[in-house]
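**Student:** Letter by letter, the chains look like this.
2 protein chains.
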Amino acid sequence: MQKSLASNRIIGILGGGQLARMLSLAAAPLGYKTCIYCPEESGPALDVCHSNMVGEYNDETKLKQFADQVDVITYEFENIPSDCIEFLSKLKTVSPNLNSLKTAQDRLVEKDYLNKVGTKTAPYANVSNHHQLDAAITKLGLPAILKTRTMGYDGKGQCLIRTSADIADAYHLIDNNTHGHCILEGFIEFDLEISVIIARNAQNQIAIFDPSQNDHKDQILHKATIPANVSQSTIDRAKKLATDIIIGLDYIGVLAVELFISTKNDEDDIIVNEIAPRVHNSGHWTQDACYVSQFEQHIRSICNLPLGNTARHSNAIMLNLIGNDVNKITEYATMPNASIHLYGKLDIKEGRKMGHVNLTAPLTNQTKP
Amino acid sequence: MQKSLASNRIIGILGGGQLARMLSLAAAPLGYKTCIYCPEESGPALDVCHSNMVGEYNDETKLKQFADQVDVITYEFENIPSDCIEFLSKLKTVSPNLNSLKTAQDRLVEKDYLNKVGTKTAPYANVSNHHQLDAAITKLGLPAILKTRTMGYDGKGQCLIRTSADIADAYHLIDNNTHGHCILEGFIEFDLEISVIIARNAQNQIAIFDPSQNDHKDQILHKATIPANVSQSTIDRAKKLATDIIIGLDYIGVLAVELFISTKNDEDDIIVNEIAPRVHNSGHWTQDACYVSQFEQHIRSICNLPLGNTARHSNAIMLNLIGNDVNKITEYATMPNASIHLYGKLDIKEGRKMGHVNLTAPLTNQTKP
Numbered sequence: 001m002q003k004s005l006a007s008n009r010i011i012g013i014l015g016g017g018q019l020a021r022m023l024s025l026a027a028a029p030l031g032y033k034t035c036i037y038c039p040e041e042s043g044p045a046l047d048v049c050h051s052n053m054v055g056e057y058n059d060e061t062k063l064k065q066f067a068d069q070v071d072v073i074t075y076e077f078e079n080i081p082s083d084c085i086e087f088l089s090k091l092k093t094v095s096p097n098l099n100s101l102k103t104a105q106d107r108l109v110e111k112d113y114l115n116k117v118g119t120k121t122a123p124y125a126n127v128s129n130h131h132q133l134d135a136a137i138t139k140l141g142l143p144a145i146l147k148t149r150t151m152g153y154d155g156k157g158q159c160l161i162r163t164s165a166d167i168a169d170a171y172h173l174i175d176n177n178t179h180g181h182c183i184l185e186g187f188i189e190f191d192l193e194i195s196v197i198i199a200r201n202a203q204n205q206i207a208i209f210d211p212s213q214n215d216h217k218d219q220i221l222h223k224a225t226i227p228a229n230v231s232q233s234t235i236d237r238a239k240k241l242a243t244d245i246i247i248g249l250d251y252i253g254v255l256a257v258e259l260f261i262s263t264k265n266d267e268d269d270i271i272v273n274e275i276a277p278r279v280h281n282s283g284h285w286t287q288d289a290c291y292v293s294q295f296e297q298h299i300r301s302i303c304n305l306p307l308g309n310t311a312r313h314s315n316a317i318m319l320n321l322i323g324n325d326v327n328k329i330t331e332y333a334t335m336p337n338a339s340i341h342l343y344g345k346l347d348i349k350e351g352r353k354m355g356h357v358n359l360t361a362p363l364t365n366q367t368k369p
Numbered sequence: 001m002q003k004s005l006a007s008n009r010i011i012g013i014l015g016g017g018q019l020a021r022m023l024s025l026a027a028a029p030l031g032y033k034t035c036i037y038c039p040e041e042s043g044p045a046l047d048v049c050h051s052n053m054v055g056e057y058n059d060e061t062k063l064k065q066f067a068d069q070v071d072v073i074t075y076e077f078e079n080i081p082s083d084c085i086e087f088l089s090k091l092k093t094v095s096p097n098l099n100s101l102k103t104a105q106d107r108l109v110e111k112d113y114l115n116k117v118g119t120k121t122a123p124y125a126n127v128s129n130h131h132q133l134d135a136a137i138t139k140l141g142l143p144a145i146l147k148t149r150t151m152g153y154d155g156k157g158q159c160l161i162r163t164s165a166d167i168a169d170a171y172h173l174i175d176n177n178t179h180g181h182c183i184l185e186g187f188i189e190f191d192l193e194i195s196v197i198i199a200r201n202a203q204n205q206i207a208i209f210d211p212s213q214n215d216h217k218d219q220i221l222h223k224a225t226i227p228a229n230v231s232q233s234t235i236d237r238a239k240k241l242a243t244d245i246i247i248g249l250d251y252i253g254v255l256a257v258e259l260f261i262s263t264k265n266d267e268d269d270i271i272v273n274e275i276a277p278r279v280h281n282s283g284h285w286t287q288d289a290c291y292v293s294q295f296e297q298h299i300r301s302i303c304n305l306p307l308g309n310t311a312r313h314s315n316a317i318m319l320n321l322i323g324n325d326v327n328k329i330t331e332y333a334t335m336p337n338a339s340i341h342l343y344g345k346l347d348i349k350e351g352r353k354m355g356h357v358n359l360t361a362p363l364t365n366q367t368k369p
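Chains as they are written, first to last, in this note's numbering: chain A, 1 to 369; chain B, 1 to 369.
Everything labelled a hint here was simulated from the structure, so no lab data went into it. All figures in this text were calculated on a predicted structure; none of them were measured in a lab. Beta carbons are placed, not taken as given, at the ideal position from N, Cα and C, and that holds for glycine. There may be inaccurate statements among the hints.
Claimed, not checked - Each computed DSSO-like pair below joins lysine-lysine, with the alpha-carbon atoms no more than 30 angstroms apart:
#1 264/B <-> 240/B
#2 349/A <-> 328/A
#3 328/B <-> 92/A
#4 328/A <-> 264/B
#5 156/A <-> 120/A
To be verified - Between beta-carbon pairs, the in silico distance windows are:
#6 327/B <-> 79/A: 37 to 43 angstroms
#7 40/B <-> 62/A: 28 to 34 angstroms
#8 349/A <-> 83/B: 43 to 49 angstroms
#9 112/B <-> 349/A: 26 to 32 angstroms
As the list claims (entries may be wrong) - Stretches of chain B that chain A covers, calculated by requiring three or more beta carbons in the stretch to come under 8 angstroms of a beta carbon on chain A:
#10 16-28
#11 198-209
#12 235-248
#13 311-318
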């Protein structure tokens with residue numbers, strides 16, 4: 001009997017959270033099955049995957065078994081140990097590649113790379129000890145932000161130094177950073193943050209969603225608004241920057257690029273804040289406002305399908321449901337323009353991402369001239 | 001720790017095919033898990049469900065275990081034995097209800113019901129033996145179609161009687177019908193077929209998608225086009241008929257109503273062909289042209305959530321991928337307006353539904369005046 005070419009691949013995903021869940025949901029309509037590898041025995045992705053393996057990210061025996069049963073490997077977050085990806089890369093294709101992961105994992109390597117490809121970042125300096133912090137503050141001035149070079153997300157591992165009175169806290173961060181070195185970043189004044197979700201496949205085909213404008217609460221993304229309140233020229237420049245970044249990494253998959261926009265000058269100033277080598281919270285709106293979501297786009301990229309159409313059929317606002325926000329879901333369910341995306345997490349914890357809603361509206365020409 | 005109200009339900013689904021697959025994919029974003037019950041050990045729905053049970057539909061021990069572990073039960077096809085639904089209904093809420101299933105399972109009961117609620121059907125007569133067929137032909141005339149009262153789908157269990165020369169074949173169908181009696185339906189002349197996908201929840205909230213225009217090949221749905229090429233008045237009348245039908249059954253869930261439209265007279269003639277107590281192939285276009293798909297709508301209905309918004313953001317053509325059609329998928333993957341929905345079936349068989357694609361286009365006012 002003839003076999004369908006379309007349905008014979010298993011995608012291995014490292015990580016079992018909501019991003020892996022939504023990747024699994026997007027993989028199925030393309031005919032792919034997913035196998036989730038993570039240390040937890042339950043979790044958002046395990047409700048919707050074809051199969052799973054419970055294992056630590058440094059368990060090479062299990063990782064080998066995992067690689068044996070999948071056709072291609074990806075990951076849902078950048079804090080996977082790079083040794084794990086290096087090991088798996090010898091067995092199967094892993095996308096995004098190891099170099100992209102290592103670049104995104106380390107704020108210093110990341111900023112060096114971003115400047116190398118000609119994008120602008122905040123001024124920065126490597127800080128490994130108190131003395132280097134003092135020197136970096138002298139060089140960059142205050143206010144400035146000390147961050148751990150690795151393992152930071154959603155505002156964790158950061159210390160804002162407004163005045164010299166805050167330096168003691170910064171010393172404390174250096175002394176207690178179990179993940180190695182820190183980086184001091186000069187304070188950037190900006191008017192708004194946008195992010196660009198870009199994808200690339202092995203044929204060097206590139207597709208870019210319209211940037212969202214992002215608002216944070218307690219250093220966690222609260223709201224993404226599309227279209228962003230920036231000019232078409234700024235959108236075009238942002239997309240060009242993201243293109244340079246993704247090509248320079250020989251990157252396969254969806255990449256998120258966070259940008260700070262300062263509107264003071266005639267031409268908006270664009271500064272790259274950071275990149276995330278994965279589908280991203282600020283791209284969740286694509287599920288309900290575009291013909292292809294960022295999740296399907298990532299699956300298409302890593303399976304080397306042609307990339308999908310990033311055009312919008314609607315405008316959108318994405319609202320994260322953090323902690324108790326999830327209890328508003330009965331209200332959102334009554335709203336005709338609210339699309340609900342829950343992650344299947346039973347226990348509500350403060351700061352925990354429980355789900356999101358996409359509020360859609362018909363397209364209007366809201367882009368600034 | 002506080003529990004999320006939103007994520008604590010398990011939906012039991014009888015049947016493991018593509019409709020159960022797409023119901024499972026739609027249940028997850030609403031925070032629900034699915035448990036699939038079917039005799040097969042693998043199948044489209046089993047790739048994306050939270051859990052499954054392998055069992056026959058008459059195995060009351062296993063059905064009881066199934067009912068024990070789910071919160072609400074639904075089914076993906078109307079050929080589930082009604083005894084199974086009757087048994088389960090004593091243990092858990094089953095939607096759509098037993099009476100709706102029984103009505104849709106038997107073409108005679110169905111037509112009696114449709115006429116009772118004031119909708120028009122083809123003329124028909126019960127046929128249990130050769131003599132009754134002769135009498136029915138005398139009454140209804142030729143051409144006419146003899147159909148098994150139960151277990152027919154996609155043109156199976158039917159015999160078109162054009163002239164008296166075809167009566168021998170019809171006798172043969174009566175003699176070999178293992179499912180009981182037949183029904184003779186008078187031949188209806190019509191210009192096009194449309195279907196209405198309607199949903200109702202326990203609060204008697206009703207929501208209706210725009211009707212699709214359906215084209216068949218080899219008696220299997222080939223194409224659904226939205227908007228249908230009928231007037232707004234006909235659309236409104238079709239929606240009203242569907243509303244009468246769903247209310248009369250005290251029906252919970254998504255119901256498909258197939259309608260034949262004859263455009264010869266000043267006002268279109270609308271005849272109800274049949275109803276299907278489930279999500280329906282002719283409603284697959286909703287996945288990519290509406291804010292809420294028929295699958296999400298069914299989940300919302302049976303979980304007694306408010307019904308979703310049935311408005312379209314796009315026009316659409318749904319094309320089924322039957323048998324070898326699935327090999328066109330690489331071509332569809334390159335088309336910016338094609339959304340792919342594969343069912344994860346590996347073996348290609350003639351006539352087997354392997355997937356579908358939705359071709360979308362921006363909204364235009366194509367409705368006839």
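**Student:** Could you run down the list of hints and mark each one as holding or not?
**Tutor:** Structure-based check of all given hints:
1. 264/B <-> 240/B: Between residue 264/B and residue 240/B the Cα gap is close to 21 angstroms, so the pair holds against 30 angstroms.
2. 349/A <-> 328/A: holds (15 angstroms)
3. 328/B <-> 92/A: Distance ~28 angstroms between residue 328/B and residue 92/A Cα, so the pair holds.
4. 328/A <-> 264/B: violated (52 angstroms)
5. 156/A <-> 120/A: Since the Cα atoms of residue 156/A and residue 120/A sit roughly 24 angstroms apart, the hinted pair holds (cutoff 30 angstroms).
6. 327/B <-> 79/A: 37 to 43 angstroms: Given about 40 angstroms between the Cβ atoms, the range holds.
7. 40/B <-> 62/A: 28 to 34 angstroms: holds (30 angstroms)
8. 349/A <-> 83/B: 43 to 49 angstroms: At roughly 46 angstroms between Cβ atoms, residue 83/B and residue 349/A fall inside 43 to 49 angstroms, so the hint holds.
9. 112/B <-> 349/A: 26 to 32 angstroms: violated (56 angstroms)
10. 16-28: It holds: at least three residues are needed, and the region 16-28 of chain B offers 4 whose Cβ sits within less than 8 angstroms of chain A.
11. 198-209: It is violated, with 0 qualifying residues against the three required.
12. 235-248: violated (count 0)
13. 311-318: holds (count 3)
This entry does not satisfy hints 4, 9, 11 and 12, going by the numbered hints stated previously.
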